[in-house]
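Chemist: If you want this note's numbering, it's the position in the sequence shown, counting the first as 1, plus 163.
Bear in mind the hints are in silico, worked out from the structure with no lab data behind them. A couple of the hints might just be wrong.
[To be verified] List of simulated lysine-lysine pairs, DSSO-like, C-alpha gap at most 30 Å: (1) 470 x 316; (2) 490 x 277; (3) 285 x 532; (4) 285 x 494; (5) 316 x 285; (6) 432 x 447; (7) 512 x 499; (8) 285 x 499; (9) 512 x 285; (10) 470 x 490; (11) 512 x 494.
Please read these numbers as outputs of a predicted model, since none were measured by experiment.
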Amino acid sequence: MKLKKIGAPLAVLTAAALSLTACAGNEGTAPAPAPANTAGGGDTSAPAPASTLSGTLAGRGASSMSVAQQTWIAGFQTANADVTINYSPDGSGAGRESFTSGAVDFAGSDRAFKDDEMGAGKFGSCTAESNALNLPVYISPIAIIFNVEGVDKLQLDADTVAGIFAGKITNWNDPAIAATNSGVTFPDAPITAVHRSDDSGTTENFTDYLSQAAPSVWTEEADGEWPAAFGGESAQGTAGVVDAVTGGTNTIGYADASQAGDLGTVEVKSGDVFVGPTAEDAAKLVDNSPVVEGRGEHDYALELDRKAEGAYPIALVAYAMVCEDYKDDAKAELVKAYMEYMISDEGQKAAQAAAGNAPISADMQSKLKAAVDSIS
């Protein structure tokens, strides 16, 4: 597919919270009035206008952004007491399927809709003339997490990572692992590699890295479903992988960095250096990410280059997926308002406080604001 460059860098999210709650509670209260202005001898302030929005929105999708979604929902509902938003973090594949069928009003996904999934009339909540919009609202590195006896730090090159997850490197004292970890004593024990059992955007981003960076070892194309030929232990959702790695012995897996918790995280080789899943290093990957050409004016599907030297190469972009034009005008109004809050300074900073992310760049915020304004 043809690509074009974004002019400004994207901010990258990294977080440290773990949660899979499907819906944030409706706080039921309006924002507090602005503080009194006593300059000039009088109170010239006025309470914030009461919200006139009401109704219910249903969303489903990526578990990686569940903490951010909970935070956005709580903030939005606090300001709009008559609105209820439900978001079920059942995985990116489930979100895309539900949005396509019309079962939900918006979706969250760790990858954008592909070209063959896009098209007018393909989405149940949208009008027959409407396409979907892919809006990148959450960006985060994917951590390779590990729990290995006696090992606190782990550095791996791409071929070794691919060999472990393809089932070709099966023991922790393998020479390929020792080669990039001088002075570390590894147990003579089998490797338990954990992958997602569900169709997952996190898996698609991870396997995209493997297929780009280690094509001689990882012979499968990038996919949201784990290739059966490579085996390993499977677990449902982000939390399932984290739990399996935490509760197992000599385990390794992959998960959104925001949910890695106290587990060890692998530094992967990028060029001549080893880099970890930090916001700074992941930012180098997405700074010049190309945008897929041939989409609508307000669609911001990205194509990530996993070979950017010195960058942390395993990052995901989570998208909010919405209609260009909704069948139900009332739903369109609610979706626009919620998306506007999600990408605003207030919304991004609220998510940052809860999940540890960095807000999206001002340039991308401006682009997404125009996209949200175009929803009808």
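Chemist: Which earlier hints can't be squared with this structure?
Modeler: 5, 9, 10
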